Each structure stands twice: as C-alpha cells, then as structure tokens.
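Fit chain P to the given chain B structure using the hints.
Number of protein chains: 2
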Amino acid sequence: MTCSQIDRKVKRTMRIGIVGYGNIGKGVEAAVEKAQDMELAAVFTRRDPSSVKTVCDVPVISYDEIGSMKDEIDVLILCGGSATDLPWMTPELAADFNVIDSFDNHSKIPEHFANVDAAASEGGKIGIISCGWDPGYFSLARILADAALPDGDSYTFWGRGVSQGHSDAIRRIEGVADARQYTVPVEAALDKVRTGEHPEFTARDMHHRECYVVAEEGADKAAIEEAIKTMPAYFEPYDTTVEFITQEELNEKHAGLPHGGTVLRSGHTGFDNEFNNTVEFSLNLDSNPHFTSSILVAAARAAYRMNQEGQSGARTLFDVPPAYLSHQSREELLAHML
Amino acid sequence: MTCSQIDRKVKRTMRIGIVGYGNIGKGVEAAVEKAQDMELAAVFTRRDPSSVKTVCDVPVISYDEIGSMKDEIDVLILCGGSATDLPWMTPELAADFNVIDSFDNHSKIPEHFANVDAAASEGGKIGIISCGWDPGYFSLARILADAALPDGDSYTFWGRGVSQGHSDAIRRIEGVADARQYTVPVEAALDKVRTGEHPEFTARDMHHRECYVVAEEGADKAAIEEAIKTMPAYFEPYDTTVEFITQEELNEKHAGLPHGGTVLRSGHTGFDNEFNNTVEFSLNLDSNPHFTSSILVAAARAAYRMNQEGQSGARTLFDVPPAYLSHQSREELLAHML
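First to last, the protein sequences are chains B and P. Our numbering applies: residue 1 is where the first sequence begins, and numbers increase by one. Our numbering applies: residue 1 is where the second sequence begins, and numbers increase by one.
Chain B with its partners taken away, still in its complex shape (with noise of 0.2 Å):
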C-alpha cells in the first residue's frame, strides 16, 4: 500500500481524527486520505502508540490523551467494535467531540441512541451512529424504498460475502486450525420477490453458508462438519455446505473480505393495487471494511455541517439530507446530479 493519491495542495477544512486501528480505521485512513475536502489529524489508540505505525504517516495518540485534542479535531471517526467498545465509547467522547460509529448491534440501537443523544446535546456536538453499510448504507436503501412504496414488502439478502462472525464460529470449534465462511443469498427467492409475489421466507429459503474449513492434522473431520452444521442460529436454520481445504488454498483463494446484498422492495400503487412495482438496491464489494469506512467518511462530513449549523445530539442517517454527505457544492449537485 502506498499514499500516492495525496494532493496536500488542496485546501482541506475538515480535521478527521481515528479511533482504533483495526481493518476499518486503515479503511477510514485511505477514504480520508482521498477526499479532498478533509485532512486527518490523528489516530488515537489504547495501545501503545509507538508499536502502530500507519499508512500514510499519521501522528499516532494514547487514547487517554484524547480529550487534550479537543481544539484540533472536528469529527472523531470511532473504528472500535460493536460488542465492548462502542456503547461506552461513542457516549464517551460525544460530549466533546463530533462522532461517527458504525455500531451495528440492531436491538440495542434505541438504547445507544438515546445514550449517545444525551452526551451529545450536553457537549453541544453531533453523534450519527449506526453509519455501516448495514445498519447504514442499507437502511437508507430500506427507507427510501419504504417511502417511495408504503404499500408493499421489503426484503434484505446478504452476500455472496465473507462472514467474520460465522468464521470466528467456526474456528472455535475443536480441530478447526482456520475457516471462512461465505454468506450466499438464495437467487431463486430474489427472483421470487422480483416478479412480483411477497412470500414470507424461512432463513433457509433467504441464504445459504458456504464454509471453507482448514481442519488440524489428525482431526476428524466428519465430526468438525457435524459440529458446523448443527450449530444452533449460526448454520443449523441454513442449508450449509463444508469443504475442507488446505491453509495454503484458503490463504490463496480465500484471504478477502468481500461483501455485498440486495434490499428488495416489491409494493402496489394505483387505487385498486392494480400496479406492481419493485426497488432493488444492490452492493458488490470487494473489500466490506473499507466501504463500510468510505460511509463512514461521508457521514464524517455530514456530522461537521450539521454541527456547523448549530445543530446537536444524536442522529443517524436517515436525519441527515443527502447534500451534507456529498464532496460536491449546491451549484454542482443542482448541474450535475439531480
């Protein structure tokens, strides 16, 4: 990797500074790197600083140090995970700074909004969560659809695309060495929806789990796919295929994290429902961390107009109007994309 797409002639307004360092932080660095309108200021890490070493040469800071940068960032892009660091973190830091997460955790999303919203509208600053390509980029497509069709059914397919969750899952499992796991969306149930029926689907009629599994010398392998395929949630409700490979082949075919999906809306118009219509949104990605870091870059502008204007607490974005995620000016977008 390089940073050759850096012009540091162009004026930029917006100081972004990076918390955490993982897949999606690198992703934010490469996003901010090219936008023209932003500079990055800052990684901040609960490691030890001098043992991470970016891109593009970002000053690298103790995450305990944060609140002395108070004056030098105008929007905290929080990389951190769903799970343990984002419900205290995103709070956290809203009460002094512009933030965006990608928290990702559906049912308890009213419960961090409300959190984040309370430190935000404390700290007179913006918190937009959720900010992901699902939760995020898809519930847009979600919305949209829904408002353009109120009269109708929505259905989200996932993939064909890497699952870290399931792969974690199946790693855990005794004589596991390594594993991928690629979520398929059925494309006989796309079709369904496509012509115009609006089924109700089982897991198993929505998607498929497609499992890559290097298994430990001597394992038994019959019992490794018997594990897999009756692990409950994760692949029990799915049609699941498992082959075993070598580390080799699963380093050289399997070493991407590409994602992608469908949300698919079929609805009636007319006064009778005697139209049928259908919005599809569809996502093919090569890499899901660095696009989910592109959303978050775009809401990262968003959050800084927003704050701008005066405006504070939390949102997400379905509260933010399209204009405030574009690099482009009114007078562009009014030209050239309308």
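Everything labelled a hint here was simulated from the structure, so no lab data went into it. Misleading hints may appear alongside valid ones.
Said to hold, decoys possible - The calculated label-pair distances, taken between Cβ atoms and stated as ranges, are:
hint	chain 1	residue 1	chain 2	residue 2	range
1	B	L190	P	S329	49 to 55 Å
2	P	Q311	B	P199	37 to 43 Å
3	B	A223	P	E200	51 to 57 Å
4	B	R47	P	S329	54 to 60 Å
5	P	R194	B	R47	39 to 45 Å
6	P	D168	B	Q36	41 to 47 Å
7	P	E187	B	T13	41 to 47 Å
8	B	W88	P	G256	45 to 51 Å
9	B	K108	P	G196	32 to 38 Å
This structure is a prediction, so every number in the text was calculated from the model and none was measured. Idealized CB from N, CA, C, for every residue including glycine.
Below, chain P without anything else, positioned relative to chain B:
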C-alpha cells in the same frame, strides 16, 4: 377504479391539494388516499370544474380560486407539465403555499430552483422541486452512490419502458395513426459496468429504441420507418426497430405506461484503488405516473414537516432528511428500519 383503501376514521394531519388532474394528478389522488397521515382537500383545475370528476369524489375547484384556499391546504402538489406549466406555476404558488413539483427539464433546473427559492423565501413556504423518479428518486440514488464511492463513474440506464415524448414524436409523422415507443437498456452495457470496467459509452451503446406503429390506411410504411430511424436526437443516435401493428394490437398489448431503469456506479476503494465496488439501484414499474405520484406524495410529507420547523425556500430531495419522507415515527424507524 374504486376508492376502497380509505379509512376515514384514522386521524389525518396533512391537507393536500392537487393542481392539474391528468395521469399524475390521478396518481397523487390514489397515493394520498392510501396515506394515513394525509387527506385530500381539493383538486384545482384550469378546465371547467364541473367537467372534472375525481375517483374519490374530491371537491374540484377552479384554479382561479386557489388563492382563497390558503388556510385550507398544507401542501399543494403540482401535476402540470415541465415545458409550459411549472416554470411559472411553481414560483407563483410557492409564494402562498408549500409546493411540490416534478420539474424535469434538466438544463433549466438551476433557473427554476432560483425562481422558486425567491418566491418561497419571501412567502415563508417550502418548495421542493424535481420530485419525480428522474429527476428525483434516481437523483437520490446518484448522490448516495457518489458519496459512498467518490472515486468512480456513474451510469444511468432507462427502461424497459414507454417514453411518451418519443411516442408523441412518432405520432407527428405523416401517415402515422398511433404509436408506442419503448426505451430499452442494452444489457451488455450494464454487464460491462458491473464487471468493474469504466467504459465511455455512446448513446447507442447504452439504449436502443423499440417502436410499435399503427399506419393510416394506404400510408407509405417504408417512408414512415425511414422518417423514424433518421429523426435527429430522438432516434438517429440509437439502434431503432420499427414494427407495424394494428390499432387493436396496440390497444391490447401496449396500453400501459410501464417504466424503470438502473443507476449503476462503479468505484474504487483502498490506498492503491485495489478494490472494485459497484452500487446498483433499479426500478421496475408497472406504472410510471403512479410511481412518480408516490414520490411526490412522500416529498409533500417532508415539505410539511420542514415548513412546520420554520424552514422556507426552495429545496430538492438532496436537502431532505430521508426520515421526513417516511410515514413511520422516529421510534419505529430506529427499531425496525435501521
């Protein structure tokens, strides 16, 4: 057509007026009657009101008396044409009403926006322009795809669907009794973009045109076909097929106004542009005017809410937080749509 969906017991809050009762006006009537937070107060017409009968028995009032209805209407949805009606009508009405239109003359959008902005700002009202499906809904697809993948190329394909402008152009040829023209996207061009190529297309590469023509008795069919295929701007830049059929066949097989299309963006992420990604947004509509109407009604909901907040001036869908288009409450959106 019936009016079966109405549930008059539900509390309705927004009072909508329709200006112009053609295909779009009728579609707005159907969509408003199904929206539980709206009621239809009146249809305004420049024809003799006694000659206009609405499906749901809405009061029909002369356009000349519209000024007396300022206090009875929350949002006016303007269903006139972009060529001769909306350029004067939207600014005129924006001085006294929140207004929505589907102005679609792309090159004149900046001028129309400025005219509506001046009138609406002066009157303390909101005017949202260009709220059809293109410009409008497809514009939202374009801006969201661009914001997510700023380093990329966007393509808009239209069809398969009936172009009324092209059908009218054929009807004006001597010897033509009736005609229907379908705009058809070239599937190979879509596939090329989906593979991550960034092709530069000519008009011919992206769309072809299918014409079904009813010739008058004794007309010179070869001359008609030649006149169609060589018509500048409309047909000459495209591969065009012409099929002569009877009026009965036209009425039977080509009576509808289906349309649709795809906005497709292909873009890179990563420090070295090493990841390809595509975002694809498709519509497949049995009725073009009824879907346009559905977007207009969602935009009316947003205009009402923005004006209730004290906002005024001209807007486009780029300026509207998606939540404002939705009939769902904030709590429902957070819990189920995000």
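field: Hints breached by this structure
entry: 1, 4 and 8
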